[in-house]
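> Here is how the chains run, residue by residue.
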Amino acid sequence: MKLFLIFLLFASFVLVAIFVYMYYLVRQKLFFDLVYICRSLKNNISFNKNQINDLLTNIFKQINKTSRYIIKNNKLSFSNYFLKNDKKKVIDFFKSIGHGDVNFEINNLNYYENIFVEIENKSKDELQKKGLMYFKLIIGIGIIICILLF
Amino acid sequence: MLDSILPTKISNALNKIPYNSLCELRIRANNPTIVNILGENYFLCNTQLSKISNESLTVSMGELQSIIQKISNNSFYSINDQLIEGYVTLSGGIRIGVCGEAVQIDGKLKTIKNISSINFRFPHLLKNCSLKIYPYIVQNNIVKNTLIISPPGAGKTTYLRDLIYQLSSKEKLLNILVVDERQEITSIFDGENTINLSNIDVYKNSTKKFGFENGIRSMKPDVIVTDEINIEKDLDIIENALTSGVKVIATLHASSIQDLKNKQAFKYMLQKNLFERFVVLSNSNGVGTLEGIFNENFVLIGV
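As given, the protein sequences belong to chains A and B, one line each in that order. Residues 10 to 159 in this note's numbering are what the first sequence spells out, letter by letter. Residues 11 to 313 in this note's numbering are what the second sequence spells out, letter by letter.
The reader is advised that the hints may include incorrect statements.
[To be verified] If we take Cβ atoms under 7 Å as the criterion, some of the chain B residues that face chain A in the derived model are: (1) N83; (2) N84; (3) S85; (4) F86; (5) Y87; (6) S88; (7) N90; (8) T121.
[Stated by the list, open to error] Result set (SDA-like, lysine to any residue): computed pairs, CA atoms no more than 20 Å apart in a straight line: (9) K80/B - Q60/A; (10) K243/B - D211/B; (11) K118/B - V111/A; (12) K154/B - N41/B; (13) K123/B - V111/A.
Quick caveat, the hints were computed from the structure, so don't treat them as lab data. The beta carbon of each residue, even a glycine, is placed where N, CA and C say it ideally should be.
Work out the full structure: start from the sequences and follow the hints.
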């Protein structure tokens, strides 16, 4: 019975560690997808001038499900959690597209692409450093507690 | 049809008017909205049409910008090239003319901003309206080079559209190429009045130069149909087509044969008798009144 409870405790530590790691992973993927959206829009707008709604519908099919959910439901607190201080930038990005001619759109998309690339790089670093560190730390603490209890 | 584009008050009032009689809707920022019903202008009011502007519906500058944004489906860049030409064509062939402030860079028109007035022109498919002129244009299965002339809004495009339909259904082995620069001629075929036109090739939204040159080279058309030729710009390519053995049916803004003869740039083409039929339309007895059909020597051969 004691062994089982220790196993359960360790399992819960692993789950928390995975959840913390996933937070950094989802954030990194989200901005990776936003960069992808910028690049896709840029190519399509300059080449065949399709309309934003059609383009976004197609692009949304190609990106990560979680990213799609966060972008589409950016008003939910769930999205706040992942977007953090960058929420305004994401909202501004979607508000800014579709208002000018092709040159304006390309410049605008370049501007936001640079912003999102920067955030994505930062998120990637956070994933490598913080995400992995917290993951290892929580698992380590879990192992130590379990050994002590054992 | 325009419910998703126009402010609710305008679309509600417009829905009370039978579409078939609606020719134009003219919206000017902060000014009375005007509709053209069968050639006659009225002020658009909440519940009725009026000749007095007092109760007429008005649209603010902001609402006008919102209309433009909706027309472009929130993708302004997709209509900018058309805006530079002064019009946008919606699906169904509704042509939207715009007026505003031109933005020029290095002498080249880049876009139109602060759009202050919009004019919607509603196309109509009047089946068989061209039957009167058809026997003069097609004789012994040979299509005559034809120019349909009329002042703006007198039914040139409607005649042309029906002529394509008649040609397509009666001369099934004829290769008909439509150069639809403004997407006015063929877009109605995609709408409710879909007609199965099997022998028509269409260049949509392409310049006449591209459509004619590439069409002749690659599609081997027997007849090329195009709308509203610009004498200064299009004369060479049309002459090239006419002298290449391809028949051309086109339209042109002119109020009469005399008016046509007075056009300096057109004199050379007239001297060469490149066009064999001239169909003159007017608004004298309502839209699409046939004034006459003339041969290459400008002799009246039918009314």
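> Now tell me, hint by hint, if it's right for this structure.
Each hint tested on the structure:
Using the Cβ-Cβ criterion of 7 Å, the hint placing N83/B at the interface with chain A is satisfied: the shortest such distance is roughly 4 Å. Look at N84/B: its Cβ gets to within about 4 Å of chain A, closer than 7 Å, so that hint holds up. Given hint, S85/B at the interface with chain A, holds; its Cβ is 4 Å from that chain's nearest Cβ, closer than 7 Å. Because the beta carbon of F86/B sits about 6 Å from the nearest beta carbon in chain A, less than 7 Å, this interface hint is met.
For Y87/B, the shortest C-beta to C-beta distance to chain A is roughly 5 Å, which falls under 7 Å, so the interface hint holds. Interface hint at S88/B: satisfied, since its Cβ lies 5 Å from the closest Cβ of chain A, which is below the 7 Å cut-off. The beta carbon of N90/B comes within 4 Å of a beta carbon in chain A, closer than 7 Å, and the hint placing it at the interface holds. At about 5 Å, the closest approach between the beta carbon of T121/B and any beta carbon in chain A falls short of 7 Å, and the interface hint on this residue holds.
At roughly 11 Å between alpha-carbon atoms, K80/B and Q60/A fall within 20 Å of each other, so this suggested pair holds. A threshold of 20 Å between alpha carbons decides the hint, and for K243/B with D211/B the separation of about 23 Å lies outside it, so the pair is violated. Of the pairs offered as hints, the one joining K118/B and V111/A holds, with about 15 Å between alpha carbons and a cut-off of 20 Å not exceeded. For the suggested pair K154/B and N41/B, the alpha carbons sit about 47 Å apart, so the restraint of at most 20 Å is broken.
Taking the CA atoms of K123/B and V111/A, the gap is near 15 Å; set against the 20 Å cutoff, the hint holds.
Hints 10, 12, counting from the list given before, are not met by this structure.
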